[in-house]
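Participant: Listed below are the residues making up each chain.
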Amino acid sequence: MTAMGEHGSAQRSADDAVTELYAAHWQPLVRLAWLLLHDAGEAEEIVQDAFVALHAHWSDLRDPVAATAYLRKTVLNRSRSALRHRGVEERWAASVRGGPDDPGTRTGASAEDAAVAGLSRESLLAALARLPGRQREVLVLRYYLDLGEAQIAEALDISPGSVKTHASRGLAALRLGTERT
Amino acid sequence: MSDDERTIAALRVALDERAADIEPGDRLDDILERAHPQRAARMNRSWVLLAAAAAVLAVVAGVRLGLPDGSQPVPGGIDRPIPSATPSLGTTATEPPATPSTTSTSTPTSTTAGALAILPVYYAAPIGDDARIVRLYREWLTASGVTPRADDQVRARAAVELAMTATPPGTDGYLRTWDGVDLLGVSVTDARITITLSGPGTTAFPEDTERVAVQQLVWTAQAAVGKGTIPVRFELADGSGAMFGTQPVDRTYNRPASRDLYYQDLAPIWVTTPTRGQVLPAGRSVTVRGEACVFEATMSWELLRDGSVVDTGSAMASVGAPGRGTYEIGLGSLEPGSYAVRVFELSAADGRKVSAETTMPFTVR
Numbered sequence: 377m378t379a380m381g382e383h384g385s386a387q388r389s390a391d392d393a394v395t396e397l398y399a400a401h402w403q404p405l406v407r408l409a410w411l412l413l414h415d416a417g418e419a420e421e422i423v424q425d426a427f428v429a430l431h432a433h434w435s436d437l438r439d440p441v442a443a444t445a446y447l448r449k450t451v452l453n454r455s456r457s458a459l460r461h462r463g464v465e466e467r468w469a470a471s472v473r474g475g476p477d478d479p480g481t482r483t484g485a486s487a488e489d490a491a492v493a494g495l496s497r498e499s500l501l502a503a504l505a506r507l508p509g510r511q512r513e514v515l516v517l518r519y520y521l522d523l524g525e526a527q528i529a530e531a532l533d534i535s536p537g538s539v540k541t542h543a544s545r546g547l548a549a550l551r552l553g554t555e556r557t
Numbered sequence: 002m003s004d005d006e007r008t009i010a011a012l013r014v015a016l017d018e019r020a021a022d023i024e025p026g027d028r029l030d031d032i033l034e035r036a037h038p039q040r041a042a043r044m045n046r047s048w049v050l051l052a053a054a055a056a057v058l059a060v061v062a063g064v065r066l067g068l069p070d071g072s073q074p075v076p077g078g079i080d081r082p083i084p085s086a087t088p089s090l091g092t093t094a095t096e097p098p099a100t101p102s103t104t105s106t107s108t109p110t111s112t113t114a115g116a117l118a119i120l121p122v123y124y125a126a127p128i129g130d131d132a133r134i135v136r137l138y139r140e141w142l143t144a145s146g147v148t149p150r151a152d153d154q155v156r157a158r159a160a161v162e163l164a165m166t167a168t169p170p171g172t173d174g175y176l177r178t179w180d181g182v183d184l185l186g187v188s189v190t191d192a193r194i195t196i197t198l199s200g201p202g203t204t205a206f207p208e209d210t211e212r213v214a215v216q217q218l219v220w221t222a223q224a225a226v227g228k229g230t231i232p233v234r235f236e237l238a239d240g241s242g243a244m245f246g247t248q249p250v251d252r253t254y255n256r257p258a259s260r261d262l263y264y265q266d267l268a269p270i271w272v273t274t275p276t277r278g279q280v281l282p283a284g285r286s287v288t289v290r291g292e293a294c295v296f297e298a299t300m301s302w303e304l305l306r307d308g309s310v311v312d313t314g315s316a317m318a319s320v321g322a323p324g325r326g327t328y329e330i331g332l333g334s335l336e337p338g339s340y341a342v343r344v345f346e347l348s349a350a351d352g353r354k355v356s357a358e359t360t361m362p363f364t365v366r
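Going down the list, the protein sequences come from chains C and Z. Here the first sequence stands for residues 377 to 557, where the numbers follow the numbering used here. Here the second sequence stands for residues 2 to 366, where the numbers follow the numbering used here.
These are computed hints drawn from the structure, not numbers from a lab. There may be inaccurate statements among the hints.
Selected chain C positions facing chain Z (in silico; Cβ < 8 Å) [stated by the list, open to error]:
| id | residue |
| --- | --- |
| 1 | Val-394 |
| 2 | Tyr-398 |
| 3 | Glu-420 |
| 4 | Val-428 |
| 5 | Leu-500 |
From the three backbone atoms N, C-alpha and C, an ideal C-beta is built for every residue, glycine too.
Based on the sequences and whatever the hints tell you, model everything.
Facilitator: Structure follows, in structure tokens:
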């Protein structure tokens, strides 16, 4: 199952590449999109579109590292426009407020709740939902995907300096946000 | 610890836990179909699955596609779902990989290749030598007629039905705690999943097993819906007040609130790759991946070929209990044959009893 089969077909090569990248990135990217959108169906759609787009561009990329960066960027861009289009930010916040993480609907106490008072999962996620989009993206890429500054800068098309600024402002706002709640 | 460090640590946990609740369905076929629709009709599911199996290997064998920064995969790992009974090469008509013997969803139908959703389904079994300790394992199954485009309710109902009635091929030891109980319905909203059962079930199990049996349906329904930890409520059509007589229906049920508490429900050792019965290509390195919640993060493993031990070793999880970490075991390149990898934890008390284990059969050819 080499990248170029006996037929040497570019189509087949793109299939193989997409299949391999799918195995590695489908779940993490859907989870990333979900963290930004809070809508499982929309998250899957966006990542699926990104893979279809990757297939079309495979002949330009031809490199798993470049392809991964392409996928990530596409998912981020499409998540951002989905947010813009549908006012999802409010639903994001609402889903934390009225959703399963709301203390009112929870059935068990979280260990972290006791351990780090004021930094419970739901208050943090709610505070994250209130941040400006860029700050939220930087924090999710940094602390969920564990990307470095340079990679975040590339994924978001901003300078490394801006990444730093967004990260520190976002963290400061989270701290204040969770103190307030 | 500074304020920022505390915030960062808590944020990491919150994001990881939230993300881990999302178990996306399989869409590889859809992607390839949309990439070149003219070939869709001839796209053979078995080819795709084998390609994907090879792809998983290529990834875990150290190529590490797309993790150039050396970051860890998300909790749960790259457990791309591949059905347990992989169709052999050359077949043109594919069957649903797992057909439960007793459910209405079991009749193999002439569905178009690749049209079935692959559903995460949880099963309860003893975790080690002490048969009283029962926890959950996860399998990936299909139900005929349930496609990736099926709505949440259909997916959840099919998955819960499989959880209650199916015995995945190649497994034994999964408990049939729900025998004699029929699934009457599953309804799903953003705020609640309601599972309606015909009655309370038998009272033949220890109470903790009954608790785990209820959690089995909770995890399965939430995973099939894929929208996080939506609280689950049960209704019993015969008017009984408690499942098994011990698990009341006047409350909601949910997964434990944090990953560090998952040990309450999940078996301490899972193998997520390869998946059950997966066929791997000869000539490539085989890497076993999984999740583990074990003392001092330490496990042992053995590789069996046709039932005989051919290799042994030990492995470390990324974190120790009560945390649920991930692990990898490199088996190197294997000759064609029938294999099983057994991953186990020896009791910290006497070093002989097996306190937790799992075995995953796979084939190399």
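Participant: Against each hint, give a clear statement of whether it holds in the structure.
Facilitator: Checked hints:
no. : hint    : verdict
1   : Val-394 : holds (6 Å)
2   : Tyr-398 : holds (5 Å)
3   : Glu-420 : holds (5 Å)
4   : Val-428 : holds (5 Å)
5   : Leu-500 : holds (5 Å)
In terms of the numbered hints stated before, the structure departs from none.
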